[in-house]
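As a plain string of letters, each chain reads:
Number of protein chains: 2
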Amino acid sequence: MKDLNDLFVHLLKDVYYAEKQILKALPKMAKAAQTPELKKAFETHREETEGQVERLQQVFEMMNKPARGVKCDAIEGLVDEAKEVMDEAEAPEVMDAGLLASAQAVEHYEMARYGTLIAWAGQLKMPEAAKLFEATLTEEKNADKLLSALASRSVNRKAA
Amino acid sequence: MKDLNDLFVHLLKDVYYAEKQILKALPKMAKAAQTPELKKAFETHREETEGQVERLQQVFEMMNKPARGVKCDAIEGLVDEAKEVMDEAEAPEVMDAGLLASAQAVEHYEMARYGTLIAWAGQLKMPEAAKLFEATLTEEKNADKLLSALASRSVNRKAA
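First to last, the sequence lines map onto chains A and B.
Numbered by our numbering, the letters in the first sequence go through residues 1 to 160 in order.
Numbered by our numbering, the letters in the second sequence go through residues 1 to 160 in order.
These aren't lab readings, by the way, just hints derived from the structure by calculation.
A portion of the hints provided could be inaccurate.
[Unchecked claim] Below, a list of computed lysine-lysine pairs in the DSBU-like style, where the Cα atoms sit at most 30 Å apart:
1. B:K13 x A:K31
2. B:K2 x A:K125
3. A:K71 x B:K65
4. B:K13 x A:K28
5. B:K125 x B:K31
6. B:K65 x A:K13
7. A:K24 x B:K13
8. A:K71 x B:K28
9. B:K145 x A:K158
10. B:K158 x A:K83
[Stated by the list, open to error] Cβ pair distances, simulated, as ranges:
11. A:A67 x B:E88: 41 to 49 Å
12. A:T44 x B:E134: 44 to 52 Å
13. A:E90 x B:A160: 46 to 54 Å
14. A:T44 x B:K71: 40 to 48 Å
[As the list claims (entries may be wrong)] Some chain B residues close to chain A (C-beta under 10 Å, calculated; not the full set):
15. N5
16. V9
17. E43
Every residue gets a Cβ at the ideal spot worked out from N, C-alpha and C, and that includes glycine.
With the hints as extra help, turn the sequences into a complete structure.
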């Protein structure tokens, strides 16, 4: 990696891989969740994630590069943590509180990465790409807020 | 894991392990960083992280449990991404932009986890623990803001 453009393309591939992993994980999390609102939140976010994958594909197109992921160790670890919750939770309330927390850790990873992509796209004079990343970042922040509200309103209370 | 208390203890151990990994990674990142301000930011954050480890130890003490970590796949993945940057960056400016971004991904992981610990401590009626986590969360948010400012002011510009 020789310059910011190389870093940008590498991170784009990393995030593309991450979103694909999230697309696979969310239906399992929705299936495992017991609280109907949490189930719905995961399903809605899965639909949003499809749009986020499309935005990444648009950026690959802008750069005349094939949309291709590169293995992202961070998302693998984050998804493994969610799987661990699904394996080890011995009560539905515990499952929900743990899954919700895992999902928020994933959201935060994405927030960090889209924040970086926005900054790098700005530096590389790619305002259209930055706009696409901003749309996704807003969705991630809103998804995180929704989960926080759901945690304090019901999920954590039921698990306590 | 049968209840929120079990989840809380598990996450406490997870974050304790993560902070220890971060303590090991930051000196390497400080050594690799070229921009003096970035080097300094990593060094300062290493000192802060020592205090954060102590706060976690205080919470273990409150619960009469030995301070012990449990392997956290997410932080392993995040630290691996920082190592990848150190291995693959072919120019000092690229190194700095990549390391800074990796550090922000780590900060965001911690923000998510301390946010959850605060919520769970509240639910479990552990206000003293919540206060300790809040002090750490504030440090993490400030560290992240400092890195964002540093990125836009100098690091990303130099890499472009």
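What are the numbers of the hints the structure violates, in ascending order? As far as the earlier hints go, 2, 3, 5, 6, 9, 10, 11, 12, 14, 16, 17 are violated by this structure, in ascending order.
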